[in-house]
Structure formats: C-alpha cells, structure tokens
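*Asks:* Taking the hints into account, I'd like the entire structure generated from these sequences.
Residue numbers (my numbering), protein chains in the order written: chain A, 1 to 295; chain B, 1 to 309.
Bear in mind the hints are in silico, worked out from the structure with no lab data behind them.
Be aware that a few hints might be false.
Under 10 angstroms between C-beta atoms, here's a sample of chain A residues computed to sit facing chain B [said to hold, decoys possible]:
#1 Gly21
#2 Arg23
#3 Leu24
#4 Ala32
#5 Ser47
#6 Lys51
#7 Arg114
#8 Thr117
#9 Tyr119
#10 Arg122
#11 Pro123
#12 Leu124
#13 Thr127
#14 Ser225
#15 Arg228
#16 Glu229
C-beta atoms are modelled at their ideal positions from N, C-alpha and C, and glycine is treated no differently.
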Amino acid sequence: MSAGSPEAGVIHDIGYRHYRGVRLGRWPIVRALFVDSLRGAFGLGRSAKSKIAPLVLLALMTIPALVAGIVVNVSGGTEPPFPLATYPSFVYPLLILYVGGQAPAGVSRDLRFRVTTLYFSRPLGRTDYVAAKLAALTTAVALVMLIPLVVLTGGLLLSDVPAGDVLIGGAQSLLAIALLAPMLAGIALAIASVTPRRGLGVAAVVAVLIIGWAVQGAVQGIVASQGREDLAWWSQLISPGTIVDGLIARLFDLEPASGTQPTGAAVILWGVAVAVVIAGAIGALTLRYRRVSVT
Amino acid sequence: MALISTDRLTMRFGPTTALDALTVSVEPGVIGLVGANGAGKSTLIKVLLGLLPATEGTAQVLGLDAAGDSEAIRQQVGYMPEHDCLPADTTATEFVVHMARMSGLPMTAARERTADVLRHVGLYEERYRAVGGYSTGMRQRVKLAQALVHDPDLVLLDEPTNGLDPAGRDEMLGLIRKVGTDFGISVLVTSHLLGELERICDHVVVIEGGRLLRSSSTADVTAVSGVLLVEVDDRADALASALAQVGVAARLSGRMLEVALSGEQTYDAIRDATANLGLGLVRMERRRHRMVELFEQPVTSRHAQGGRQ
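*Replies:* Below you can see the structure in the form of structure tokens.
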C-alpha cells in the first residue's frame, strides 16, 4: 500500500447503505439476460479471445456478398447473380460453425460453472431462462445472416438491377432468415444444453448439423445420378438449411440452392418440418432445464 | 413477524427423507442452522427459496408462502450456494453487476451496488481480475457479494466457511456477523460446526436426519451454569479427593477441576482445601455452557436407546 492509503481507507469507510431504488420485475430481468446473451454471442462483454470466432465468421459471410455486389456494379448486369433469399444456403457451413461456437458459449458455461443455481434462485424462472437464451441466439444467427444480405442488397440497389426486384428479393430473404434462425439456434442450444463441457458441445452441434448437410448433399446427388431428378428434392427434408431453401424457393418460385423446388402439395411437409424442428427444440430445452438440478 | 417458519415440512426424494415433519420458527437476526452432512440443511434452504416443492407441510419466509409466492421471496432474499458457482472467465465486477441485473436492479444501480458490496466483502483491486485466478477465500467473498448485491432482507448462506483455512474462516464469520448487525440484513447460515456458529449467531437451530433437534437463542444456551471451574498449579486430583471428603462433588477435567456450585460455602470449601494442601489457586470461574454439550447429550442418549427411529 502506498503512503496515501490511510486517507483512502477513511474515504472508503462509509458504512453500509441500503438500496431504496426501483426493483424491476420479471420481464425486464428476462430482457436483461437476453441482451447480455446476445452481446455474448458476438463476444461483447467477454474476453478478447471469444470475439475472434464470431467476427471472423461474420466477415467470411459478408465478403462474398460484398464481392457479388461489386461484380454486378462493374459488369453492369441487370439481374441479381442469384435469388437473394438463397444467400443463407451459400454460407450455410459458416452458419453451422457460428451456432456451433456460440450455442455452447451461451449455455454450457452456465452449466459448467453452475451459474444456473444463481439464476434460478432469483425472480427469473426456468422457462424465462430458456426463452432468453433461445431468443438471444436466434437474434444473433439472424443478424449474422442479415448483415451480409444488407450489404448485398445495398450493392444491388446501386447497380442497374431494378430496385423493385432487389427489394422483393430482400423481403423474401427476410422470411428465409426468420425461419432458419430459430431452427438453427434451437437445434444448437438443445444439443449444447446437454453437456457442461464447451468443447464437446461445439463438436456435437457442428457434427450434427454438418452431417445433416453432407448427407443431404450426398442423397440428392445419388438420387439425381440414378436419373430420378424428379425425386431428388425430397432429400431437402434432411437438413434445416435445405428445408428453408426448398420452402422459400417454392413459395416465391425461385431457383433453390439445393436442386429443384419441391412440387405439388408436398411442400406442406416443408412447412410442417420447420414447425416441428422449432417446436421440438423448444420442448427439448424446456424439458432439459426442468431437470437441471440446483444442488 | 417470524423470519422463517415451517410447519410439518417434509421433503422426500424417492425412498430418502431429507426433511421429516420439521416445525420450527425463528425471528429476524443471525440464525445458525446446524447439522451433520446430509441432515437436510441445503434441502431446507432450497425449499425456502421455492426451488424444490415440499412433499408435505408448509414453509413461510418473510411472511410469504414458499410454495405460492416463491417469486416474491426470491426478490427479497439472497442465496449463496455451498458449491462453486462463478464463471472463471469474468471479473468479479462484471459478474456481480450481471447478477444484480438478474435481481432486477437497473444498470446504474447495479454498478453502484456492486462497487459498494465488493468493498464491504473485502475485494479491492482483485475485482478487475478474472475470477478463475481467485483463491477459495476470494471466491467465497464474491459468492457472498452476489447474494447481497440487491440489498435483500434475508440472505441464505450455505456452508460459507467450507474450504477456508482457520484465518479465512474467522474473517468470513466476522463478515457474516457484520451483515447481520451493521447491514441489518437477517442471515440464515448453515454449518456442520456448531462451535463456529455459536460465536456469531443470535439463534441456533439444530437439525438431524431432517428432524428438529433443538432451536434456542444463543444467549439462553450459553448462560452461566452451576459449575465452577477451578485451576490449581499442581495436584488437582488431590484437591478433588479433599473436596470429596468435605462433601463437595468435584470432577477432574484435564488440568481443571469441575466443581458443582451449591452456594457461597462451595467457594470457602475450595479455598480451605487448596490452602490445606499448600496448592496455588490459579483461577476460579463460573463456567458458561457451550452449545456443543447441549446437543451432544441428546444425541448420545438417543444412541443409547438404540439409535435413530
């Protein structure tokens, strides 16, 4: 301690003061947890090391959009290089890496250090916790898709492509994002919440999603090579990315990134698949956190 | 209003009974909850917080029903768990601010309260370092700080001295006493060591096997007893037999002599006997009860009757 410390000690010794200010209710608390978790999904308010992966992945997803925008401007083309709504499908493996990294960062950490006990001994309920974490990761995944799309849309608006077409494409892609983000976040959190070990969580989430993506591609290729291109689109139901890709392509009559549009009434199944994945993830998370012990 | 009251509170986990028709009521102050490991202390705390639904019976905390108003209870109560609960990668300040927010404090208030509380628990420069590098003593202080940050009416401290060395234990106990007296926050603190709680608590509740063994105020229990403690410089055994001859019951306890006090004449008898033997009288004092003996006794007598049940 320095020579000035006796004075500093006197200044500090002011006794205990009670808190008489406002105490916010449950909803603002859930919102605070949501904001903290959302910031955490980009490494904000965490260590410098945990900022690297999300920001690098975001950059990797944005650069192709930037390049596409520049190319269209330079070449003077009058059509978008691809339907905007299929952009998430092009960067899908990067999206997997993003949720794979951030879902465990959001929930495994609380389980590993048993911070959940402190949350649940506060006004916040268990379902509130699940809701905040799911909403935060969904928003984060949506932002990660939205930022490149804003760049791409901006680039196209500056080009000779009719602004109306660009804006319609942008609106279509918003729907794609709104469907894909909760699916990816839900699956990833449901898997990550099983293990308190972050590394294991990352590996499990990435493995499950990448395997789904790879198997879908393989099945589609095999079926197509058998000369049954007309059936290849059924394989879209295997992976969340292709479910949304097929559904959006069919709804707006676009060229999907994965093969062809689902035909006929079968497309209802695509809609059901989206709902089942989201509802299943919410159900699994709710059940999981009902059982998280507070001992 | 009672701080905490339970009525035939029972908690079963399958075949095991953690709390067995526990009925107890305590007034505000520093309350010690004592019992061996597995006596049901942590279970009781969790039922009081509404984290576990009681199998039977009711519990009230601050006049609120633990089953129905648990959200309101959790707003006014702070909880320090027995186990580690701090993420290694955040600083004490960041973590306690976050926990203050989770208790419903707005951001500015959360920051102010965090700075205040960390200072009160004795964390200064360290609070800007990651918790992962803290000693057990510092971690316990952070855990206490997060329980106090929202200025609760009651804090539930589960084994706060666990894993601390004797000096750390004394500091933690002093801090807990300060929370009760200087901060004016009621405290329920558990320990398996009665000796350490008797020093800081106004009231001690002893449970065993989920049942109430004893609930009494520390002042009652540690009142002066009818035993005189006599220390002589040599041959305490000779003094004991000399006293026995004049009809004063005396028992050798280590180097001291425990003499049953029956009036002024007992002092005279000791004085005379000591002088006759040519011994030096070092000390003579009324002994205070210690809690330990009071609760050791029923345990041993019960074991003599064939153990529990």
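*Asks:* Now tell me if each hint is right for this structure.
*Replies:* Now the hints, each set against the structure:
Given the 10 angstroms rule on beta carbons, the hint for A/Gly21 holds: about 5 angstroms separates it from the nearest Cβ of chain B. Contact between A/Arg23 and chain B, as hinted, is supported at the beta carbon level, the nearest pair being about 4 angstroms apart and thus within 10 angstroms. Nearest Cβ of chain B to the Cβ of A/Leu24: about 4 angstroms, under the 10 angstroms cut. The hint holds. The interface hint given for A/Ala32 holds, since its Cβ lies 5 angstroms from the closest Cβ of chain B, which is under the 10 angstroms cut-off.
Satisfaction of the interface hint for A/Ser47 is found here, the shortest Cβ-Cβ separation to chain B being roughly 6 angstroms, below the 10 angstroms cut-off. A least Cβ separation of about 12 angstroms between A/Lys51 and chain B goes past the 10 angstroms threshold, and the interface hint is therefore violated. Hint status for A/Arg114: holds, given a least beta-carbon distance of 5 angstroms to chain B, under 10 angstroms. Against a cut-off of 10 angstroms between C-beta atoms, the interface hint on A/Thr117 holds, since the closest Cβ of chain B lies about 5 angstroms away.
Because the beta carbon of A/Tyr119 sits about 6 angstroms from the nearest beta carbon in chain B, less than 10 angstroms, this interface hint is met. Because the closest C-beta pair between A/Arg122 and chain B is about 5 angstroms apart, less than 10 angstroms, the hint holds. The interface hint given for A/Pro123 is met, as the beta carbon of that residue sits about 5 angstroms from the closest beta carbon of chain B, less than 10 angstroms. At about 6 angstroms, the closest approach between the beta carbon of A/Leu124 and any beta carbon in chain B falls short of 10 angstroms, and the interface hint on this residue holds.
A hinted interface residue such as A/Thr127 counts as satisfied when its beta carbon comes closer than 10 angstroms to some beta carbon of chain B; here the least separation is about 13 angstroms, so the hint is violated. The interface hint given for A/Ser225 is broken, as the beta carbon of that residue sits about 49 angstroms from the closest beta carbon of chain B, more than 10 angstroms. Given the 10 angstroms rule on beta carbons, the hint for A/Arg228 is violated: about 52 angstroms separates it from the nearest Cβ of chain B. The closest approach between the C-beta of A/Glu229 and any C-beta of chain B is roughly 51 angstroms, which is over the 10 angstroms cut-off, so the hint fails.
In terms of the numbered hints stated before, the structure departs from hints 6, 13, 14, 15, 16, listed from lowest to highest.
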